[in-house]
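Student: Below, each chain spelled out in residue letters.
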Amino acid sequence: MTIEKKTAGSTTELSLNGWMDTQSAPDFEKALAELAPETEHLILNLQDLEYTSSAGVRQIVAAHKKMNGEMTMRNVRPEVMDVLTMTGLAKKLHFEEESGKQE
Amino acid sequence: MGTAMKKSLSKQIGAWFLGLLLLTVVVSTLWNYYSTRDAIIEVETENMEACAKMISGTLDNVGLEALRGDKGSDDYTMIRQSVRNQCRGFRLIYIIIYSLEPKTGHREILLEVASNPEADTLMEQGKLTVPAQSLFQVEAENAFLEGSNEIQRGEWSAERKQISWRAVYRPKEIGEIAVICMTDGLEMEISQIREDFLTDILTPTIVLSLAFLILVILLRRRVAEPIRSISERMKSFAKNSTVQPEPLNIHSGDEIEEIAVSFEKMTADISTYVRNIERLTQERLETDVQMNVAGRIQFGMVQERKNLKIGAFWISALTRPAKSVGGDFYDCFRRDDGNICLMIGDVSGKGISGAIFMALVKTMVREKLAVGLSPAEALNRANVEVMLQNPEGLFATVFAAEVNLRTGEMRYANAGHNYPVLLGGEPRILKPNNGIALGLFDDAEVVDEVLTIGVGQGLLLYTDGLTEAINARREAFGMGRLLETLKEEPAGENLGGENPAEEVLMRISRAVGKFCEGVEPFDDIAALMICQEDEENEPGTEEEQDECAREGARNGFRPIPAALSSFDIIRETVFACAGNTEKTRKALLACDEALANIVNYSGATELSFACEKREDGLEIVFVDNGIPFDPTAEIASEKQFEHMDNGGMGLNLIRQTVSSFQYEQKDGKNLFTMIFPL
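Residue numbers (the numbering used here), protein chains in the order written: chain A, 3 to 105; chain B, 360 to 1037.
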C-alpha cells in the first residue's frame, strides 16, 4: 500500500492506494502519527484503496478518534464500503464523493 | 594413548628405526667376526706349520737328548735361543716341546719358551711352567702313536680354559715322539678385532641410537603428546559439544601451539553456539508448547462439535484456524428457557493477543445471552465492557442469535459481522441492520431483528476467512462462489439429509479446499449452520414430545454414590431399560467416561442418574453437585484445563458415541444429558 499526503492549511488529505491489511496497516498508523498537530481536518481519499482488512478498520477508527470525528472519507469504493457498512463503521463516518476535482 | 587409537605414530617410527639399527649391528658384527676370524685362523695355521717344520729340522740335528741334558749347556742355550727366535718371528706366544712315550703315553716337558721376555725369563728359570698332565690332545697324539709322520692340526685343550691352545706335532722317530706345541696369537687377535669393532662400530651405533632415542622422546614431548592431548579433547568435545574442554596449556611457540590456540578458540565458539542453539530450541519449544496450549484452549472454546440436534433443529460447525491459534470463534448452547443461543465472531487480531481478546468477547457475550438478554442487548452491553478492557484497540465482529425451538423464530443482532446466508429455496444474503463491531465505539448501536427459520430452512453463519480465502491467483473465494456452492443442489434436498447442517458445511469446506489448493490458509475460517429438519412432524409437537420425555426421564432419577463403583448400578439399569446390545454397550462406554469425569474432576458428593428408552434413542442423564463444568464446551477454565488430557479423551469418546448431548446448570447442579442411538 502506498500513502500520498497533501496538506492545505489545516486540512490534510491522505490518499491510500492498494491493499490495507495486517502488513500494511502500520504504514497508515505511522502516517497518522506524523500528522502535524495543527491539522484540524483529515480527508481519507480511498479512491485507489482496493481492500481493507480488520487491521485497516482499526486504523480508520483510530484516525476517527484522533481527529475527534473531524474526518471525511472520500471516494470510497464499494468493496471497502461493504466492509465499513458491515462492521457498522459507516454509521459513524462522514462520506463524500468528489469526482471531478481529481482529474 | 587413547583407547581408540591403534598405534602411536612416534612409537611406530621409533620401533622400526631401532629394530633396523639392531639388525644391522648384529649382522655386521657376526659377518665381520666370522670372516676375519676364519682368515686369521688360516694364516696362523700355515704360520705354525712353517714354524713347526723349522723347529723339527733343528730337533733332527741336535736330538732330544740335548734338551734333556744340562739346562746350562751351550747346546741347550743355543736350541732354546733358536726356538725362542722362531716363537717371536712367527708371532707366537708360547712354544712347548714335550716327548711322548709311545707305549705308556707318558709326557715329558723338554722346552718351554715365550715371546714375552718376562714370561720367557720366568720359564727359563723354571718358575713358570705348564704342567705336563694338562697338555694333551687325544686325537692328534693318537695319530702320532699310530705312526703318522704328518703334521697334525687341532685344538689343543688345557685346564686353563680361557686359553685355547693350538699345536703341531712332529714325531722324530719310533720309540720317541717330540711334540711341538705352540700357542698362537689368535685369541689376542680376535679380542683385538672385538675391541676394534667396539670402538669403530658399536660405540657410534650406540651413541647414534641414544641420540635417536632422545630425538624420539623429544618428538613425543614436543609433537606427539600435544597432538594426542588435542586429539583427546577433540574426542571428548565431539561427544559433548556443550562443555568446553579443559585448556590445553601448550606453549611450545610453534605450529602446535597455533593449532592448540585455534582449537581452543574453535571449541569455545562452538560450545557457545551450541549452548545458544540449545537455549533457543528450548525457548522455541516452550513457545510452541504455549501456542499449543493456547490452541487447545481456543479449540475448546470454539468447539469442534459436529452433530448437535436439539428438537427439530440441526446445528453443525466448522473451523479451520490459519495459525495454531486463530481469532475466529463461535458458540452454541441451550438456554434455561429452552431457546438455542448461537454466536459467531471474528476478532481483528491474530495469534495470542487475538485469541485472548476472542476469549474475552466470547465469554462476555455468552454470559449475557445466558442470563436471558436479547442478542442486541447482550452485544451492546458486551461492547461497553470491552471498551473498558481494550488497551490494544482490538475489536470483534459478532453475530448473535436466539432461536425458539417451538416456533422457529430467531431473534438476532449483528455487531459488524459478515452477512449471514439464508438457506431453503434460493439462498439469499440476509442483510441485517448492522451495528458497529465491538470495541470500536462506546455505542455499538446494535439492534435486534426477527426472522423465522421455517421447516427445511436454515441459516449459515461464517467469518470473512471463508469469503476472503485466497487462491494461488490471489483471487478471493467471494460471496458469489459461496452462493453458487450453496445452490449446487436443490434446497429441498439440501436440508433433508442425515445431518443437513453438516452436509452443507462439508460441501462448503470441500469447495474452499479445492479453490485454495496449494495455498497456505491466510485467515481463519469458522462457520456455523442451523437448520430445521424437513420432515412431516410439526416442530412444536416434536418439541413437546421431547419435553415430555425429558420430564419422564427426570422423574426416574435414582441417587447413586459419587464413586466409580456406581458404574455397576448404571450398567444394570441400562441393560434393564434397553437390553444388552452392542449399542447399549457403546452407550455404557460413554457413561463410564462421564462418570469418571464427574467422580475424578468435579468433586461432586451427590450424584443421581436416570435412564429412559425413547423413540429417538436411549436418554441418559447425570445430575451432580460438583463444580460447574460444561462437557459440551470442553474447556472453560484453567483449572479444568489441567485435566484436559484425561477428560478431553473421554469427552471425545462421548462425542463420538452420542447422537446428541447437552449440558445445563440448574440450582447449582450440573445436568448432563446424552442421547444414544438404539
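There's no promise every hint is true.
[What the hints assert, rightly or not] To give a feel for the contact side, a few chain B residues facing chain A, derived at Cβ under 10 Å:
#, residue
1, E591
2, N777
3, Y778
[As the list claims (entries may be wrong)] Taking lysine-lysine and the BS3-like style, the derived pairs with C-alpha atoms no more than 27 Å apart in a straight line are:
#, chain 1, residue 1, chain 2, residue 2
4, A, K93, A, K7
5, A, K93, B, K945
6, B, K790, A, K94
Everything labelled a hint here was simulated from the structure, so no lab data went into it. We put the beta carbon where it would ideally sit given N, CA and C, even for glycine.
Student: Next, verify each hint and record whether it holds.
Tutor: Going through the hints against the structure:
For E591 (chain B), the interface hint is violated, since its Cβ never comes within 10 Å of a Cβ in chain A; the closest pair sits about 54 Å apart. Checking N777 (chain B) against chain A: minimum C-beta separation of about 6 Å stays under 10 Å; hint holds. Taken as an interface hint, Y778 (chain B) checks out: its beta carbon lies about 7 Å from the nearest beta carbon of chain A, inside 10 Å. For the proposed pair K93 (chain A) and K7 (chain A), the alpha carbon gap of about 26 Å is at most 27 Å, so the pair holds.
Only pairs whose Cα atoms come within 27 Å are accepted, and K93 (chain A) paired with K945 (chain B) is rejected, the gap being roughly 55 Å. For the suggested pair K790 (chain B) and K94 (chain A), the alpha carbons sit about 19 Å apart, so the restraint of at most 27 Å is met.
Of the numbered hints stated above, those contradicted by the structure are hints 1, 5, listed in ascending order.
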